[in-house]
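2 protein chains.
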Amino acid sequence: MALTCRIAVLALSCLFAPPMLVQAQDVTAADAALNAANAKAGPRVTPAKTIPVPTNLGPAAAALIAAPYGQPAWNAVPATPDAWRARVKMLADAALPDLAKAREMLGVTIEPTVIGGVKGFILTPKTIPEAHRNQLIINVHGGGYVDGPGESGTLEAMLMAAYGGYKVIEFDYRMPPDAPYPAAMDDAMAVWKAALAMNDPSRMAIVGSSTGGGMTLAMILRAKAEGLRLPAAIAAGTPWADLTETGDSYKTNEWVDNVLVRYRGYLAEAALLYANGHDLKDPQLSPIYGDFHGFPPTILTTGTRDLFLSNTVRTHRKLRQAGVPAVLQVFEGMSHAQYLFDPAAPETKEAITEIAAFLDQYLAK
Amino acid sequence: MALTCRIAVLALSCLFAPPMLVQAQDVTAADAALNAANAKAGPRVTPAKTIPVPTNLGPAAAALIAAPYGQPAWNAVPATPDAWRARVKMLADAALPDLAKAREMLGVTIEPTVIGGVKGFILTPKTIPEAHRNQLIINVHGGGYVDGPGESGTLEAMLMAAYGGYKVIEFDYRMPPDAPYPAAMDDAMAVWKAALAMNDPSRMAIVGSSTGGGMTLAMILRAKAEGLRLPAAIAAGTPWADLTETGDSYKTNEWVDNVLVRYRGYLAEAALLYANGHDLKDPQLSPIYGDFHGFPPTILTTGTRDLFLSNTVRTHRKLRQAGVPAVLQVFEGMSHAQYLFDPAAPETKEAITEIAAFLDQYLAK
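Which chain is which? The protein sequence lines are A and B, in order.
For the first sequence, position 207 matches number 207 in our numbering, and the numbering has no gaps at all.
For the second sequence, position 230 matches number 230 in our numbering, and the numbering has no gaps at all.
Treat the hints loosely; a few may be bogus.
Identical copies go unnamed one by one, so any copy, or any two together, can satisfy a pair.
Claimed, not checked - Below, a list of computed lysine to aspartate or glutamate pairs in the DMTMM-like style, where the Cα atoms sit at most 20 Å apart: (1) Lys-126 x Glu-245; (2) Lys-49 x Glu-254; (3) Lys-365 x Asp-93; (4) Lys-40 x Asp-342; (5) Lys-89 x Asp-282; (6) Lys-119 x Asp-360; (7) Lys-49 x Asp-82; (8) Lys-349 x Asp-186; (9) Lys-89 x Glu-130; (10) Lys-224 x Glu-151; (11) Lys-126 x Glu-111; (12) Lys-119 x Asp-291; (13) Lys-40 x Glu-254.
By construction, these hints were calculated from the structure, which means they are not laboratory data.
Every value quoted in this text rests on a predicted model; they were computed, and no experiment measured them.
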């Protein structure tokens with residue numbers, strides 16, 4: 001019999017392998033142990049890895065993917081409300097010079113506004129294409145329900161103005177530790193009601209990523225519940241659709257995503273801080289548990305290394321199951337929301353241009 | 001200074017962390033080592049993991065995801081042409097009873113045919129909806145360019161007939177070790193030319209997964225080059241778009257995907273056996289290197305654990321960059337082509353129904 005099993009621990013796969021097969025590749029003891037560990041139904045056992053930076057991408061994407069884990073570290077969690085406030089302020093202050101530089105590069109202007117009693121910003125591109133003159137984008141910033149206050153939350157709004165050619169209003173919803181749930185959603189709905197008084201919803205979209213993506217979905221759920229008119233379309237980038245650690249990529253992309261790294265730590269603590277005792281599976285906090293029937297057409301964006309890959313594809317599938325026109329784009333090698341991180345990267349322009357092209361199909365002129 | 005770093009190896013992240021932060025989570029020595037290893041730009045260093053079976057899916061999907069590594073093992077590679085033939089025959093023979101049972105369950109009939117001089121099968125559902133009566137699906141089976149001969153290659157064709165409601169022709173292209181590249185592509189083109197003589201291409205689609213997805217893309221490239229008319233739309237499921245180990249998920253999903261497991265072993269050997277000395281980056285072998293301008297509308301399907309996740313999303317992005325209407329669906333937790341594996345799974349019906357709904361947008365009646 002030609003059966004060739006180089007090491008004893010491979011016995012199980014030898015049992016299944018037909019006798020005419022031989023091992024064309026050397027099998028190391030480590031490989032054999034992994035084969036044995038995965039020879040029965042159950043959890044998947046995977047080894048420690050060193051995952052190279054992809055060689056098939058441009059320098060900007062490669063730099064984002066190669067970047068060290070984001071700081072503050074995933075496990076650096078403030079212990080007191082004051083420590084949270086200090087963290088938020090530090091990150092917000094650090095973002096402002098880069099945002100100013102990017103606006104300059106992209107020809108986007110920013111001015112403060114108040115909408116529905118909520119402070120915000122109007123982002124305007126150098127020129128607005130004729131087809132977009134009467135349209136308005138409402139942007140919901142991300143940041144784990146704690147980060148991104150004030151002007152520091154205007155990254156995506158700026159990109160939508162620059163690469164989408166839209167007038168964009170970004171708003172500064174209240175956040176914990178000062179104002180936990182439902183303050184952020186109350187502000188978001190006040191903004192949407194004010195937007196409905198400013199423009200026809202057929203000419204408006206709501207756009208947000210990460211926490212902003214989750215809030216965008218929660219806004220539609222609440223607008224449906226309150227009988228409000230809905231936007232013509234929405235864009236939910238890598239939405240935090242599930243605040244519990246449910247979804248396969250919370251595990252498969254754990255330690256792989258260099259932005260969020262893990263659920264445990266900052267993310268889990270931010271979820272609890274925001275929820276303030278509310279059930280994390282309440283659809284207003286985790287919109288994946290809501291009813292997506294009647295949602296506006298939706299475009300979703302994520303990356304293959306995104307800790308929220310599953311949040312995104314679960315949202316996509318659930319929208320499609322509800323008959324909603326919904327499309328998905330997944331960027332090679334990208335971690336959480338990295339399609340927004342480098343305003344000059346071709347992938348950023350591509351992601352936003354795709355979102356705008358999708359919105360153009362559904363927004364009235 | 002309130003700086004709290006519990007273990008010395010965390011020094012680097014302490015440098016970046018503002019002093020008001022403390023570690024809210026215990027940091028183990030292993031966590032700290034990973035933080036340190038990922039504190040500089042470069043490859044990502046990830047730990048050994050035990051990845052649970054997702055709890056948010058139905059029993060059929062959970063069973064597919066929980067399943068042990070596929071057999072024969074990824075590293076069981078035949079050493080001789082006769083050993084390849086024996087392996088192929090063993091797997092093909094094993095598939096036939098399950099396919100017969102599934103046809104019975106789904107009400108699909110099968111009959112042999114010859115198209116363009118190539119043997120094949122016609123798969124017909126119990127009833128064909130009025131809108132599909134004049135349409136024809138050409139299916140290209142998968143199997144790493146070596147597996148899936150004869151009736152054993154009719155899984156996807158059967159599902160397209162059952163859940164799509166189409167008449168489907170699947171064909172038995174020649175494969176190595178007897179007939180390496182370009183025999184398979186020559187047969188595929190002979191079939192497409194014969195199909196063009198049978199029906200108008202506006203009423204036809206080409207559909208294939210894995211190797212069949214890669215061949216579907218290569219058929220469009222070659223049809224363009226030969227000036228042939230193109231199908232109205234195509235469906236390329238988790239296409240083997242790149243026969244080299246290029247694409248991030250070859251690494252991120254290595255050992256995670258329980259179907260293919262790794263590039264090294266069977267896959268790499270099958271690629272070389274098929275290529276028979278040709279450059280693996282020739283667009284006829286790795287269509288990702290071809291020009292996608294002018295492609296028909298395309299739907300792509302994959303799963304979050306798929307070793308070919310990157311093959312699929314790279315194809316999607318490249319199609320979109322070429323202005324092709326192209327949509328992507330990604331199934332939660334699924335490994336390579338598992339959306340086809342269980343004919344009774346709701347996810348299988350969902351994947352195929354989505355593909356059919358996409359084709360319906362573009363095929364003439």
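Homomeric proximity label, Lys-49 with Asp-82: Cα distance no greater than 20 Å
Intra 38 Å, inter 36 Å, cutoff 20 Å: neither.
Status of Glu-254 relative to Lys-40 across identical chains (alpha carbons, at most 20 Å):
between (23 Å within a copy, 18 Å between copies)
Identical-chain pair category, Lys-119 with Asp-291, by Cα at 20 Å
neither (30 Å within a copy, 48 Å between copies)
Is it within a copy, between copies, both, or neither that the alpha carbon of Lys-40 lies no farther than 20 Å from that of Asp-342?
Cα proximity of Lys-40 and Asp-342: across copies only (18 Å, versus 44 Å in one copy).
Within, between, both or neither: how does the pair Lys-224, Glu-151 come out at a Cα-Cα threshold of 20 Å?
neither (30 Å within a copy, 50 Å between copies)
Copy assignment of Lys-119 with Asp-360, given that the CA separation must stay at most 20 Å:
Cα proximity of Lys-119 and Asp-360: none, with 28 Å in one copy and 46 Å across.
Please work out whether the CA atoms of Lys-89 and Asp-282 approach to 20 Å or closer within one copy, between two copies, in both situations, or in neither?
neither (29 Å within a copy, 53 Å between copies)
Could you figure out if Lys-49 and Glu-254 sit no more than 20 Å apart (CA to CA) within one copy, between two copies, both or neither?
both (12 Å within a copy, 9 Å between copies)
I want to check one pair: Lys-89 and Glu-130. Are their C-alpha atoms no more than 20 Å apart within a copy, between two copies, both, or neither?
Cα proximity of Lys-89 and Glu-130: none, with 39 Å in one copy and 63 Å across.
Evaluate Lys-126 and Glu-111 at a C-alpha cut-off of 20 Å and name the case that applies: within, between, both or neither.
within (14 Å within a copy, 63 Å between copies)
Within, between, both or neither: how does the pair Lys-365, Asp-93 come out at a Cα-Cα threshold of 20 Å?
neither (37 Å within a copy, 59 Å between copies)
Within, between, both or neither, where Lys-126 and Glu-245 count as close if Cα-Cα is 20 Å or less:
Neither way: Lys-126 and Glu-245 sit 42 Å apart in one copy and 43 Å across, limit 20 Å.
Violation of the numbered hints given earlier is confined to hints 1, 3, 5, 6, 7, 8, 9, 10, 12; the remaining hints are satisfied by the structure.
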